[in-house]
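Undergrad: What follows is the residue order along each chain.
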Amino acid sequence: MAASNALLEVRGLKKHFKTPKGLLHAVDGVNFTIEKGRTLGIVGESGCGKSTTGRAILRLHEPTAGEILFEGKNIVDMSKQEMQKIRREMQIIFQDPFASLNPRMTVSEIIGEPLLIHKLVSSKEELEKKVEELMTLVGLSERLLNAYPHELDGGRRQRIGIARALALNPKFIVCDEPVSALDVSIQAQVLNLMQDLQEELGLTFMFITHDLSVVKHFSDDIGVMYLGQMVEKAASKDLFADPLHPYTKALLSAIPVPSLTHKRERVTLEGEITSPINPAPGCRFAARCPLANDSCKKADPELREVKPGHFVACHMV
Amino acid sequence: MSSVSNAAKPVDLDKPKAKNKKRSQWAEVWRRLKKNKMAMVGLAIIGAIVFCAIFADVIADYDSVVIKQNLKARMEGPSAEHILGTDEFGRDIFARMVHGARVSLQVGLIAVGLAIGIGGSLGAIAGYYGGRLDNIIMRCMDVFLAIPSILLAIAIVSALGPSLFNLMLAIGISSVPSYARIVRASVLSIRDQEFIEAARAIGANDFRIITKHIIPNALAPVIVQATLGVAGAILSTAGLSFIGMGIQPPAPEWGAMLSGGRQYLRYAAHITAFPGVAIMITILALNLLGDGLRDALDPRLKS
Amino acid sequence: MSKLLKINDLSIHYLTEDGDVKAVNNINLELDAGETLGLVGETGAGKTTTALGIMRLVPNPPGEVTSGTIEFEGRDLMKIPEEEMRMIRGNKISMIFQDPMTSLNPVMTVGEQIAEVIEIHQDIAGKEAMDKAGDMLELVGIPATRVNDYPHQFSGGMKQRVVIAISLACNPQLLIADEPTTALDVTIQAQVLDLMRNLKKEFNTAMMMITHDLGVVAEVCDKVAIMYAGEVIEYAPIQQLFENPSHPYTHGLFGSIPNLDEEVTRLTPITGLMPDPTDLPSGCTFHPRCPYAKPICAQQAPKNSVVEGEHRVKCLMFEGLVDKVSIKGTDQGKKEVV
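Chains as they are written, first to last, in my numbering: chain A, 11 to 327; chain B, 32 to 334; chain C, 17 to 354.
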């Protein structure tokens, strides 16, 4: 299924963690493709494995199984040296704009560090010039060159994180909930910035979030994850216009709408999320699914294409 | 969500600020420390002792005043000529104490420096890599900790012979385990923070991560412990010299001076009292400073 | 008709070494019995400080109520002795804090924590209190058999339900909920909001819902107060707020939210950042960020103007001092530099 302009292809990605209680299946067989210049949104609630997926793609967590093809090459088995080169092409923006910046480094040191590590500058002047360019690119005032993260607000700190991710001129960026920790009005500013940068620099994004309204606005395609598996995948418009998986429907209906006129029919899920440790066979959503029957608990549903470009993993669809 | 954005004091873009002025975090710590009066008292006392140590030769010449015996003027009380009196060999106590300050500080700083260097490195490696390496290192440390540090120091000095250098070595080595522990704990708490992941994502290798990212953030508890560690080292030095395992006579050292005056406590208590008070004040000052530093550094740790 | 809660000209400041933090400045709010008031604003707007002020829990030092009265059931809460205030907390006015993970004592069972508030305020103790605690758990959808479980044995959503049970145990007249669902997953949030709505109806509890989410407001609230830099800049019954948002900041808030139902190519955020509470802008506190600001906005602080009925707004446009413009969200188009 490799498209010719696929930048990233993930096949059968798994990440398991050993815990005292058993094997935690954080990511359990995820497949997707992202084409150059597009944005794939990954949505889900806590414990669905979306953040782990993002980190596994960058090998910040070593995948337990599966292949990650970047520009056709499988990076899972690459050596440290080869991986260093790949790191310049794949970067990440983190959720917490405070925890993701070293509190003892200034803004310019944080943004300049990638350039130093990969020896992309030959003099102090060159470094400072490049750092200033990056700051201008993300809309940070020059005056902040020697400021420390704790002196700045969340929005500015997140811009520092974005500048750092752009320093190596990557092709692909994993955005792990980049605006969730920000105030609503700052969220909008940062989202607009990211959109602009995508157009300007031809970036490819994987946008991880729990906020469906943000992901619709930003993504071309969306994958919905639940307990480590992808349960639905479709073009953004299609997912919102015609959600097929019961979980997607419940998720969409749960979002409080800032409008009095539009009342969505609420599908309220019973109970709580089941444990990702040693999961039982069968559909993992069955315990809370309003449509579930006995067959759902026996066999794992496969992600099948039920409409052109629209994939669902559900026995009842 | 609310707490994150609120944590910052916004930089005021309207007030002009020189581009290259670094508003260091250490300046912030200093500002907080200044407010703690007791800590400032401690700092002042340490400052005075450091001054004495540095200018010891200017204040009192070593050969002619400190070690030269003058048996005619033995055990005299404080007078105009000898501010703190003379000891059992007629030597000026004040001059000896000033030079003794130099010895105490030297041992304190170097012993602690050694301990931080070795212990800190071991702790950082153990904390960062975890697993078996962590186990091996820390169990070795545990073995050392099981031996009372003063006994360990005595053993090392006995083996190597009493001298200033061996004293520093002995006290330093016996302090290694506690610094290893502290640094390891610090590293463990920092290791899983997002900015370390971020460093990995941009391609930093382990060495860079440990030295540039982890250690600068792990310093705070080490600094506090170091201040108290210097106090401990000074006490150990005094103790070892007291039993004759430290600095050899006629070199002046506070503990040795204490020991020398023991027999004359009844009628020339000042020989023991003054060095004793000096030790006490120094330790007190270091403790006050250490407490103040802990408070000044703490809010930094929280945020 | 006397209101359940009436806040008049309340100001709360924090006197810190970095300056005078003007957290809340001359706000006026009312609440009827059984009504839900939404207190909306972003970080630093002063919502939590207002809530703490009502409960008289503002840490002092460095916080201080510098002016105003808080009338609850006719009495000024600022003037009653601490003894009496303690009888009101948890009993007549209850508070739910934002983070369910840290609101519960980890070494007490949930039953004990619910029973505690019952024992303090009612003449019930021991087994009877625990029975009542079990009843409260059932009420919030948790089996009463779990009354002896510890908080760590519950998930985030369930912990929040326990917190709700504690807050409603003594059937308070007023419940203050500080972002009760922000830390929860959206499907769990939906459950908890449903629960709160039903309980509110059953007990006829008045509620002050603090949130930054206009969607939550639309679901739960009867009236809304929008806060910015410590002031209530708009106050309206919910219908009027959504049909006719008047203050430029309110417009900005709506424009910042990605809308699920519309095709929006670009969001229209508010430019700039929240002001420094130790150094608030002169005149109208919003003027540096307002796309419609005129010179007079920097000089004169707006007073409350009536838009329609109970809908009031603090903006010079409504005092006739600035020309009224048809307000749309404005997209700067170009990248702005912060």
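Any given hint could turn out to be false.
Stated by the list, open to error - Derived DEER-like restraints, expressed as beta-carbon distance ranges:
{"#": "1", "chain 1": "C", "residue 1": "A49", "chain 2": "A", "residue 2": "T271", "range": "42 to 50 Å"}
{"#": "2", "chain 1": "A", "residue 1": "M326", "chain 2": "C", "residue 2": "E335", "range": "57 to 65 Å"}
{"#": "3", "chain 1": "A", "residue 1": "S132", "chain 2": "B", "residue 2": "G192", "range": "51 to 59 Å"}
{"#": "4", "chain 1": "C", "residue 1": "E80", "chain 2": "B", "residue 2": "I167", "range": "28 to 36 Å"}
{"#": "5", "chain 1": "A", "residue 1": "K140", "chain 2": "B", "residue 2": "K66", "range": "38 to 46 Å"}
{"#": "6", "chain 1": "C", "residue 1": "H168", "chain 2": "A", "residue 2": "E99", "range": "50 to 58 Å"}
{"#": "7", "chain 1": "A", "residue 1": "P300", "chain 2": "C", "residue 2": "H168", "range": "29 to 37 Å"}
No lab work stands behind these hints: they were computed from the structure.
Even for Gly, the Cβ is constructed at its ideal location relative to N, Cα and C.
Undergrad: Run every hint past the structure and note whether it holds.
TA: Results of checking the hints against the structure:
no.: 1; hint: C:A49 - A:T271: 42 to 50 Å; verdict: violated (28 Å)
no.: 2; hint: A:M326 - C:E335: 57 to 65 Å; verdict: holds (60 Å)
no.: 3; hint: A:S132 - B:G192: 51 to 59 Å; verdict: holds (53 Å)
no.: 4; hint: C:E80 - B:I167: 28 to 36 Å; verdict: violated (56 Å)
no.: 5; hint: A:K140 - B:K66: 38 to 46 Å; verdict: holds (41 Å)
no.: 6; hint: C:H168 - A:E99: 50 to 58 Å; verdict: violated (42 Å)
no.: 7; hint: A:P300 - C:H168: 29 to 37 Å; verdict: holds (30 Å)
In this structure, the hints that do not hold are numbers 1, 4 and 6, in rising order.
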